[in-house]
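Asker: Letter by letter, the chains look like this.
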Amino acid sequence: MTALIRASFVVPLALIALLAALFLTLRPLDFLGRGAPPAEALTVERVGLDADGFHALVRSGGATDITIAQVQVDGAYWEFTQTPAGPLAYLGSALIDIPYPWVAGETHRIVLLSATGTTFEHEVAVAIETPETSAGEVAGLALVGLFVGVVPILIGYAFMPAIISFGAAGRRFALALTVGLLAFLLVDTLKEGLEIAGRAVGGQKAETALWLGGLVSFLGLIAVGRRGGRPPEGAALALFIAIGIGLHNLGEGLAIGASLAGGAVALASFLVFGFALHNVTEGIAIAAPIERPGRRWVLLLGLALIAGGPAIAGTIAGAYAFSPFWAALAFGVGAGAILQVIVEVSASLMRGAPKGASGSWVSGASLSGFAAGVGIMYATALLVAG
Amino acid sequence: MDFRLPWQGRPVSRRRVLGAGLAAGGAALSPGLRSVRAETPHKGSAHGGNRTVGSVDHGRNGFDPHALLTDWDTGSVSILPDGRRLREYRITAIDKEIEIAPGLFFPAWTYNGRVPGPTLRATEGDIVRIEFRNAGTHSHTMHFHGIHAASMDGVPGAGQVEPGDSFTYEFEARPFGCHLYHCHSMPLKRHIHKGLYGAFIVDPDPARHPELADAARGRLLGTQDNAQWQEFVMVMNGFDTNFDEENEVYAANSIAFAYRDKPIRIAGERPVRVYLVNVTEFDPVNSLHLHANFFDYYDHGTTLTPTHRTVDTIMQCQAQRGILEFTFAEFEPGLYMFHAHQSEFAELGWMGFFEVTT
Numbered sequence: 001m002t003a004l005i006r007a008s009f010v011v012p013l014a015l016i017a018l019l020a021a022l023f024l025t026l027r028p029l030d031f032l033g034r035g036a037p038p039a040e041a042l043t044v045e046r047v048g049l050d051a052d053g054f055h056a057l058v059r060s061g062g063a064t065d066i067t068i069a070q071v072q073v074d075g076a077y078w079e080f081t082q083t084p085a086g087p088l089a090y091l092g093s094a095l096i097d098i099p100y101p102w103v104a105g106e107t108h109r110i111v112l113l114s115a116t117g118t119t120f121e122h123e124v125a126v127a128i129e130t131p132e133t134s135a136g137e138v139a140g141l142a143l144v145g146l147f148v149g150v151v152p153i154l155i156g157y158a159f160m161p162a163i164i165s166f167g168a169a170g171r172r173f174a175l176a177l178t179v180g181l182l183a184f185l186l187v188d189t190l191k192e193g194l195e196i197a198g199r200a201v202g203g204q205k206a207e208t209a210l211w212l213g214g215l216v217s218f219l220g221l222i223a224v225g226r227r228g229g230r231p232p233e234g235a236a237l238a239l240f241i242a243i244g245i246g247l248h249n250l251g252e253g254l255a256i257g258a259s260l261a262g263g264a265v266a267l268a269s270f271l272v273f274g275f276a277l278h279n280v281t282e283g284i285a286i287a288a289p290i291e292r293p294g295r296r297w298v299l300l301l302g303l304a305l306i307a308g309g310p311a312i313a314g315t316i317a318g319a320y321a322f323s324p325f326w327a328a329l330a331f332g333v334g335a336g337a338i339l340q341v342i343v344e345v346s347a348s349l350m351r352g353a354p355k356g357a358s359g360s361w362v363s364g365a366s367l368s369g370f371a372a373g374v375g376i377m378y379a380t381a382l383l384v385a386g
Numbered sequence: 001m002d003f004r005l006p007w008q009g010r011p012v013s014r015r016r017v018l019g020a021g022l023a024a025g026g027a028a029l030s031p032g033l034r035s036v037r038a039e040t041p042h043k044g045s046a047h048g049g050n051r052t053v054g055s056v057d058h059g060r061n062g063f064d065p066h067a068l069l070t071d072w073d074t075g076s077v078s079i080l081p082d083g084r085r086l087r088e089y090r091i092t093a094i095d096k097e098i099e100i101a102p103g104l105f106f107p108a109w110t111y112n113g114r115v116p117g118p119t120l121r122a123t124e125g126d127i128v129r130i131e132f133r134n135a136g137t138h139s140h141t142m143h144f145h146g147i148h149a150a151s152m153d154g155v156p157g158a159g160q161v162e163p164g165d166s167f168t169y170e171f172e173a174r175p176f177g178c179h180l181y182h183c184h185s186m187p188l189k190r191h192i193h194k195g196l197y198g199a200f201i202v203d204p205d206p207a208r209h210p211e212l213a214d215a216a217r218g219r220l221l222g223t224q225d226n227a228q229w230q231e232f233v234m235v236m237n238g239f240d241t242n243f244d245e246e247n248e249v250y251a252a253n254s255i256a257f258a259y260r261d262k263p264i265r266i267a268g269e270r271p272v273r274v275y276l277v278n279v280t281e282f283d284p285v286n287s288l289h290l291h292a293n294f295f296d297y298y299d300h301g302t303t304l305t306p307t308h309r310t311v312d313t314i315m316q317c318q319a320q321r322g323i324l325e326f327t328f329a330e331f332e333p334g335l336y337m338f339h340a341h342q343s344e345f346a347e348l349g350w351m352g353f354f355e356v357t358t
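First to last, the protein sequences are chains A and B. Each residue of the first sequence is one higher than the one before, starting from 1 at the first, in the numbering used here. Each residue of the second sequence is one higher than the one before, starting from 1 at the first, in the numbering used here.
Since the hints were derived computationally from the structure, they do not count as laboratory data. Any given hint could be a false lead.
To be verified - Short derived list, chain A residues pointing at chain B, Cβ under 7 Å:
#1 Ala69
#2 Gly75
#3 Tyr77
#4 Trp78
#5 Pro99
#6 Thr119
Said to hold, decoys possible - Now the in silico label distances, taken between C-beta atoms and shown as ranges:
#7 A:Thr25 - B:Glu344: 47 to 55 Å
#8 A:Gly75 - B:Thr168: 51 to 59 Å
#9 A:Ala63 - B:Ser78: 35 to 43 Å
Since this is a predicted model, take the numbers as computed values, not measurements. All C-beta atoms, glycine included, are put in the ideal place defined by N, C-alpha and C.
The following block holds chain A by itself, in its conformation from the complex (with noise of 0.2 Å):
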């Protein structure tokens, strides 16, 4: 190793330390903020509503400290208690609780004032407990995320022997509906990943982990699925399209747990219910590229556990845990291995299109089967509207 390639290894980092301190102590700049106010930020990451009222926890998101000097709840000035006490420090979190009696199944609207008089506003839309960190609530919600992953992909299965008895066609019936349904669940993911990166703080710049994740675990899938130099075909197939889904189902657990703990949802029933229909076709999906299924029955169990469960741990993870931030990260990571998947069987189609007259991979099958696939996901999802 040369002195020149030695010295590389630390001239730049003693540079950057060099410009840090000097901007940090000369400050050289500073005349173009011109004594601008503060640039004050607070988003509130979620709350938590019991018998004692309130409970938001708040993080600040500007360039300048935060302190919260009072709190409103429909327009009243309530007592309340931060800890930790003072200023919040760029993504610094705290826990505000404010004894207000809410009022069950009403909105109330709370806003915290800066000590510069800045409002940041936060509504509860629907006012209701948030559930206990009791062994039979976390089971209750075990029990939303095992209706809403599992239970509909084994439901789904049971379409297999009528969709294999169509023969070649058939399989590509149910290739194409997975495509179908896959292109619905990208659109949806970073739809509702998106949205919820804007509830973020701005300085955790979530839009963009979201993307990044996204890329990575696309391109990282690939390459795992791609290791041995040929596509993944079969039981293969299936794994990967299993974990597509299941981190779909992550992303969307965690949505319904927020939901569910932050009184957004009214009717929990019916929601799930909705959910639990608009998974059905996951379960054809994942069967669809298996050779024999009937006779695999314990791989397609846990096929369904890999791509049911997450939707377990994500509700229980939503209700208690929700971060905007980690939320959009997942949803970006689930799009990413969404996308895989809709590239490997969109391959897999390809390669067992049969060599007609066309040559052509597209037929009655494989059209109507990515129809009926974005069809019955767009049908199912208007039962989860709202």
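Guided by the hints, dock chain B onto chain A, whose structure is given.
Answerer: For chain B alone, coordinates are given in the frame of chain A:
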């Protein structure tokens, strides 16, 4: 098993509402929560939870809301060659950040460093001379609600003072009553709500009102008749701290809940007179409601007989003002609330107590 998360105050073991809701449908939610609500604490406190947290540093502000109540600025008095009394005042406009609720700061424009500005008090017929200096960063004026010449009106073109300059306003104090002054530079809304206003009280001259001389003497500061009264000035105001043209804080004399957190002590046997002025910006009206009692009201204070008798709520548009007279004689000692009867204003700071003692 119950365990606690950092954002859950304490472990609770009541019926789990969400679980019940999931099992039985959404309709099951409400009854469960209503029974929970009945356990809500705070029944014993005087604020019921509606309060600001912490305390305002009146020393740093340079004015105390309790001292403001009775702080009459009567000027420096001399007699003019023609025998009339001259009252001279010095007022300076100063930019100053003030704490209007604990930890909540407002970049105010002030007269003499306080909001509301000094309560100027004169007697009907006095010559009032105000040397006004502008030490602020914008043009300002002092526009008096009273009778005066056009050149003394304190509007752009007549007595507007640029930063660093000064102007002397001079006029005869009339009519007697409860009046106000405020900055009339443009934009008017901003100049008023930033804090440039104050009360201007003109006491009646008993000699000019022989038929109601007793009532006039009761109003005239410095007389024995007046000394039995407990007089307070309250300027109803608001502060738009985030500049969205809605007030975040309402108060009488600027500090949210100042007279709730520390009630105004009054002796039950002596009558009470409140000089009430409304300068609240952005809202069409403000009001005062007195609990457990009724008062006589003199709109603008320009009469010696009440314009409203036996009322317990009075409303004022911006710049409207009047005098309230009431007594707590023979009342049970204790805390008697008063507040704007726009509940919104009350809960955003404009409420207080009289603490009646024997």
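Asker: All the hints need checking, so say for each whether the structure fits it.
Answerer: Hints, one by one, checked against the model:
{"no.": "1", "hint": "Ala69", "result": "4 Å, holds"}
{"no.": "2", "hint": "Gly75", "result": "5 Å, holds"}
{"no.": "3", "hint": "Tyr77", "result": "5 Å, holds"}
{"no.": "4", "hint": "Trp78", "result": "6 Å, holds"}
{"no.": "5", "hint": "Pro99", "result": "6 Å, holds"}
{"no.": "6", "hint": "Thr119", "result": "5 Å, holds"}
{"no.": "7", "hint": "A:Thr25 - B:Glu344: 47 to 55 Å", "result": "49 Å, holds"}
{"no.": "8", "hint": "A:Gly75 - B:Thr168: 51 to 59 Å", "result": "44 Å, violated"}
{"no.": "9", "hint": "A:Ala63 - B:Ser78: 35 to 43 Å", "result": "56 Å, violated"}
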